[in-house]
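Number of protein chains: 2
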Amino acid sequence: MHVLVIYDITPDNIRFKVAGICKDFGLVRIQKSAFLGIMTSERRKEMKARLERAIRGVKGNIQIFQIPEPYVSLREIIGEIEEYEEGGDLVF
Amino acid sequence: MHVLVIYDITPDNIRFKVAGICKDFGLVRIQKSAFLGIMTSERRKEMKARLERAIRGVKGNIQIFQIPEPYVSLREIIGEIEEYEEGGDLVF
Numbered sequence: 612m613h614v615l616v617i618y619d620i621t622p623d624n625i626r627f628k629v630a631g632i633c634k635d636f637g638l639v640r641i642q643k644s645a646f647l648g649i650m651t652s653e654r655r656k657e658m659k660a661r662l663e664r665a666i667r668g669v670k671g672n673i674q675i676f677q678i679p680e681p682y683v684s685l686r687e688i689i690g691e692i693e694e695y696e697e698g699g700d701l702v703f
Numbered sequence: 612m613h614v615l616v617i618y619d620i621t622p623d624n625i626r627f628k629v630a631g632i633c634k635d636f637g638l639v640r641i642q643k644s645a646f647l648g649i650m651t652s653e654r655r656k657e658m659k660a661r662l663e664r665a666i667r668g669v670k671g672n673i674q675i676f677q678i679p680e681p682y683v684s685l686r687e688i689i690g691e692i693e694e695y696e697e698g699g700d701l702v703f
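Protein sequences appear in the order of chains A and B. Quick note: the first sequence uses my numbering, first residue 612, plus one each step. Quick note: the second sequence uses my numbering, first residue 612, plus one each step.
Rather than coming from a laboratory, the hints here were simulated on the basis of the structure. One should not assume that every hint holds.
Just so you know, same-sequence chains aren't split out, so a pair can sit in one copy or run between any two.
Calculated lysine-lysine pairs in the BS3-like style (CA-CA distance at most 25 angstroms, straight line) [said to hold, decoys possible]:
1) K659 to K670
2) K670 to K643
3) K659 to K628
4) K628 to K643
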């Protein structure tokens, strides 16, 4: 299953931490505050637990969507997706 | 079909314009730069055309996902969704 994580978090350090967790779980950055990738249900639950710990007590929210393959391919992109990371972590 | 619009746009005025278009098409703000709602395919195409015009020549991107009903209900929310708008436009 594809998993889309979007977040709205003000403190920089927590936002970086959340991005790091998304990367740890193999997701790829598609926007400054959005990550997409494929994940098992088990891994998604692990990631969710880490994200919960990361933003405890912080103003903001993280939303995790599950999008099945045929629908994720319907994504429409307007404008240019920049390369958010130097080296390696390419957008798809 | 549920439609999720996420965007990553730097200029304030263009970002506000994009948010306004999402609202015009009946979407509801779920994060500072994310809107969700139900829309026909025809309306989605109209919205896409307006969004394309809005960000022409601007650095940034808008991504439109289509998520069918049973999957949109699987959304997991960590933290609190604030009320992004004063009056009216409640989050769901």
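Evaluation of the provided hints:
1. For the identical chains of this complex, K659 and K670 are intra-copy neighbours only, at 17 angstroms inside a copy versus 31 angstroms across copies, given an alpha-carbon limit of 25 angstroms.
2. Taking CA atoms no more than 25 angstroms apart as the test, K670 paired with K643 passes in both settings, with 18 angstroms inside one copy and 13 angstroms between copies.
3. In the homo-oligomer, the alpha carbons of K659 and K628 lie at most 25 angstroms apart inside one protomer (13 angstroms), although the nearest pairing across protomers, at 33 angstroms, exceeds that limit.
4. For the homomeric pair K628 and K643, the shortest alpha-carbon distances inside one copy (13 angstroms) and between copies (19 angstroms) are both at most 25 angstroms.
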